[in-house]
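Visitor: Protein chains in written order, with the working numbering: chain P, 176 to 482; chain B, 176 to 482; chain Z, 176 to 482; chain Y, 176 to 482.
Read the hints as simulated data drawn from the structure, not as lab findings. These figures come from a predicted structure and were not determined experimentally. Mixed in with the good hints, there may be bad ones.
In this list, chains with the same sequence are indistinguishable; a pair is considered to hold if it fits within one copy or across any two.
The calculated DSBU-like cross-link candidates involving lysine-lysine, where the alpha carbons are at most 35 Å apart (straight line), are [what the hints assert, rightly or not]:
#1 384 x 433
#2 391 x 348
#3 346 x 384
#4 391 x 446
#5 320 x 391
#6 346 x 271
#7 353 x 384
#8 433 x 348
4 protein chains.
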Amino acid sequence: MATILGQNQYGKAENRVVKITRDGDTHHIKDLNVSVALSGDMDDVHYSGSNANVLPTDTTKNTVYAFAKEYGIESAEQFGIHLARWFVNSQEPIQKARIRIEEYSWSRIATSDANSKFIGSDEVNHSFVREGMETRVTQITYDGKNWEVISGLKDLTVMNSTNSEFWGYVKDKYTTLKEAYDRILATQVSARWRFAWSDDEQRMPNWEKSYAETRKHMLQAFAETYSLSLQQTLYQMGSRIINHRSEIDEVRFSLPNKHHFLVDLEPFGLKNDNEVYFAADRPYGLIEATVLRDGVDARIPVDMTNL
Amino acid sequence: MATILGQNQYGKAENRVVKITRDGDTHHIKDLNVSVALSGDMDDVHYSGSNANVLPTDTTKNTVYAFAKEYGIESAEQFGIHLARWFVNSQEPIQKARIRIEEYSWSRIATSDANSKFIGSDEVNHSFVREGMETRVTQITYDGKNWEVISGLKDLTVMNSTNSEFWGYVKDKYTTLKEAYDRILATQVSARWRFAWSDDEQRMPNWEKSYAETRKHMLQAFAETYSLSLQQTLYQMGSRIINHRSEIDEVRFSLPNKHHFLVDLEPFGLKNDNEVYFAADRPYGLIEATVLRDGVDARIPVDMTNL
Amino acid sequence: MATILGQNQYGKAENRVVKITRDGDTHHIKDLNVSVALSGDMDDVHYSGSNANVLPTDTTKNTVYAFAKEYGIESAEQFGIHLARWFVNSQEPIQKARIRIEEYSWSRIATSDANSKFIGSDEVNHSFVREGMETRVTQITYDGKNWEVISGLKDLTVMNSTNSEFWGYVKDKYTTLKEAYDRILATQVSARWRFAWSDDEQRMPNWEKSYAETRKHMLQAFAETYSLSLQQTLYQMGSRIINHRSEIDEVRFSLPNKHHFLVDLEPFGLKNDNEVYFAADRPYGLIEATVLRDGVDARIPVDMTNL
Amino acid sequence: MATILGQNQYGKAENRVVKITRDGDTHHIKDLNVSVALSGDMDDVHYSGSNANVLPTDTTKNTVYAFAKEYGIESAEQFGIHLARWFVNSQEPIQKARIRIEEYSWSRIATSDANSKFIGSDEVNHSFVREGMETRVTQITYDGKNWEVISGLKDLTVMNSTNSEFWGYVKDKYTTLKEAYDRILATQVSARWRFAWSDDEQRMPNWEKSYAETRKHMLQAFAETYSLSLQQTLYQMGSRIINHRSEIDEVRFSLPNKHHFLVDLEPFGLKNDNEVYFAADRPYGLIEATVLRDGVDARIPVDMTNL
């Protein structure tokens, strides 16, 4: 045979599970999109179509829903860990499991006093509105021995309306850009951060708190950096996380430079004093980089922030 | 000629304008997507290609940006009114202008005390994060005499995790659905409401306050209605608005029933006590209706909430 | 009660049905997305939540699948007619049915001679590749007496690389556009055409042939019109259809002007002789109009081509 | 400093360039979306914001348009090679360039004889209609010495309406799936193949012919494989390419199993003899694997087919 099989994986992608937990009359909601990818001793199914080692993707879907009942969903990370451990430990041919999860956040709807006659006190805590465009993500990988947890977010759009410059760059024969001393800096953050935790013997991070704090530091670094380039802002965002969150060793960003071009109003006899901008779609600058704790190895793949 | 021209309109669609206003060191942002549609004496350009009556769509785009400077953007509605009035009044052949605007909302990023050494006090008020998936919309129509303003929102996703039932319905030979006495009710609201204001002689509504209050009443009605059908919830949302907001005469909704199916866990020996749901994509129930102030005419088109 | 119910409709949207028909060893495929909207005596469900008149949306979904078996899918139009008739005739409270259908087209994969040893002659006719970005659409409306059939397509992208000009237009104080004597004209056609057929007594059109011919005439008119404005091209496309297809009385188009801007290469010492273009996303000109057979009434709603 | 910079790259993404070439009266079109990513000596811009080594992303955009004029666009691959070579060779700090290109295909509109009076013979060859949902892609990487070219396609949707089975799989306590002996097999192919060519001294492949042939072999293998699992079909598609195209050493696929579920029509007294299917959206099986020429190293990243 002149061809051979290389890396392969399979499973059910995008299982949409919503879990309601009742704490007295107060309901809590977890809303996830779970994708399972399994690999191991799978040569036969590729070469001959024998499914003797294949746990159906339908079964991996069922497992997601059953585990939501059996273990609950404490956090996306903890839920992914339960799933990955099960697949690797329960099936001989499966040597590695990778669970990817997207989480959508919901906040409570404030109810009205004026209409309190319509509602009992037990009814105010079961109504939710979906928050933000931003999606929280995590990826859990387990090979029977070591864990790798990479969490993050995507589609978090931020803007500084000043405190951004861009000048002093290389000019070649195709350069026409004018230097800017006060520009809008806007981006749609896609970030992934890798946890140091890799072993069941180690103390597991508090996944929910870690996410909230990491997001906060990232946003603050974006807001507080006086920017001479988007690369500089990216590095500040990454190092702020590494410096404040000891559980995180590595961060990678894809930051599209969402260009806001100052509109030329002179033809109409108007002066545009950094007031009116055209928000462009394409093309856009795309700045990508990894920021690492000194001494650790980089493991987040180059394109992970583009998924 | 066996064929004739019917209704027609033209203009530049999706002009993305961002306006920064400086109030001392505090920046304010308005982020709009403006679409212009003009109609009037346009037979010639269709029949023969003569552009003698055609103000270029490029000019309508320029006007949007110039007006952002000349008038500012107090609200999407007020901005659309300036534009519509200009096109109809300044060009003889243009008899009607319809301005559609989407508005994206931004909130401020809270900055950190710990990092206050990096920032001056003037720097905390220029950093923003894009809010929500929800988009505010408005449509302004002007024919040189009368105004019609229809505002609303789309992509506002809400959920009640209880207080929803569905039973007592018609059963025919294709009916297999089981009655439900406690189900999740979730929808992605698309709503449009029409203002009574139609004349320059009348007092103009406070557009910003009206939007905030209308949205609040709609959300509260959704949360506080014990629902026997999504139609009932829709009607409560609409009548709550009409009853509380005297400036609004008519509301129309498209409410997709975003089905959350209880997963059957019995094959795995588990009981699903309204805990674990599968969030389905398609198909979905689609409930659409208009709610009117008694005595007024309905004018919002049937499919406007599907745009 | 200060509020009343206006126009309303409900049903199951986006039922994805694929029908395989076997003609000996040759398989045929119909791939539809069917949306049902019913209206009638539905006050109670809105006012009080009583479902006594409500056929569940789940039942309308079941009916779509059952009818695919019972009637087959000869064409999207014929299938919609079966469904609309059933809902109105079988349920007393339902007075009107509107069926919207999207159809996705597939062509056959050509198989190889060299590999004929792998396949029997019965195997070559069951393999398909999805065609085009273009989607065929239809809307059937029935009130128990009269039929209205509006068919069309969307997302058909076309381009003329020459034979398009734009000049002689109105210039006001916001006009900066330069006249063009040779430009690219590109658009993404959304079209809807209304059939004269409205009564069971009349002879029904051949829906499949009508679609193929209408599409052909529209494309040819686009290609063959020397264009002085997109409005002129639109009118030619519409009148070509009306003049060639007696079964069609009215056509409406939304034609976004997908701008291709000539890139200024002079800063690099290069001449751009209508060779290198930047394909822009937003904003875009949007040209919309109805073309009618002389003497008939216009009935296609203004925004139908934007759905 | 406790943090350091890891892998990083920057450039302008999604430059939409359309190139018209005139061969007498016949026009040819190339329609690309070009993304540039450069890396090299970029520590300073991240650490301090110094742009002294930074060629602006705006300049990389200009270069794309200028090169479309200077070199033409013979193929996406050849165009990417010109660009990558330029960036690495012309700028000292840039040590590596990665060019990603999407290509959209167009076919000619057939014009009508009946309307030949409207057109001259020079006019028939400048009208195009955009083909297919499928997008051709390529990625060119150059480090000043070696080339890596990975081409492919995405969004090519295919279906076999028979000759697919799935049985004999592992059953655990969460397994409920019934075995299938005749099912629809449908997928939306994302494929990437890596060329052996890596050196300017070697003879360059004929990129256009290679693409057409590779696509053909892939489609035929899909159509002609009697499938016991999607993994088996995938392997056949990959090995068919490797065996027929000596210029290609490695292929990777992501094949979502686009489930078509047989609808249960028994409640309606109907038999569904593999005729009526529900086309599901989510979740879906996802089968991913690399197929290699024996003896070569695998280099296509695991998630490249998910971009």
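Visitor: Hints first: check each against the structure and report whether it holds.
Guide: Structure-based check of all given hints:
1. 384 x 433: This pair counts as both: shortest intra-copy Cα distance 30 Å, inter-copy 30 Å.
2. 391 x 348: Neither. Shortest intra-copy (42 Å) and inter-copy (42 Å) distances fail the 35 Å Cα cut-off.
3. 346 x 384: Answer is neither; intra-copy 46 Å and inter-copy 38 Å both fail.
4. 391 x 446: neither (37 Å within a copy, 39 Å between copies)
5. 320 x 391: Within. Shortest intra-copy distance 32 Å satisfies the 35 Å Cα cut-off; inter-copy 43 Å does not.
6. 346 x 271: Between copies, since 19 Å is at most 35 Å while 49 Å is not.
7. 353 x 384: This pair counts as neither: shortest intra-copy Cα distance 44 Å, inter-copy 41 Å.
8. 433 x 348: For residue 433 and residue 348, both the intra-copy (25 Å) and inter-copy (30 Å) Cα distances are at most 35 Å.
The structure fails hints 2, 3, 4 and 7 (numbered hints given earlier, in ascending order).
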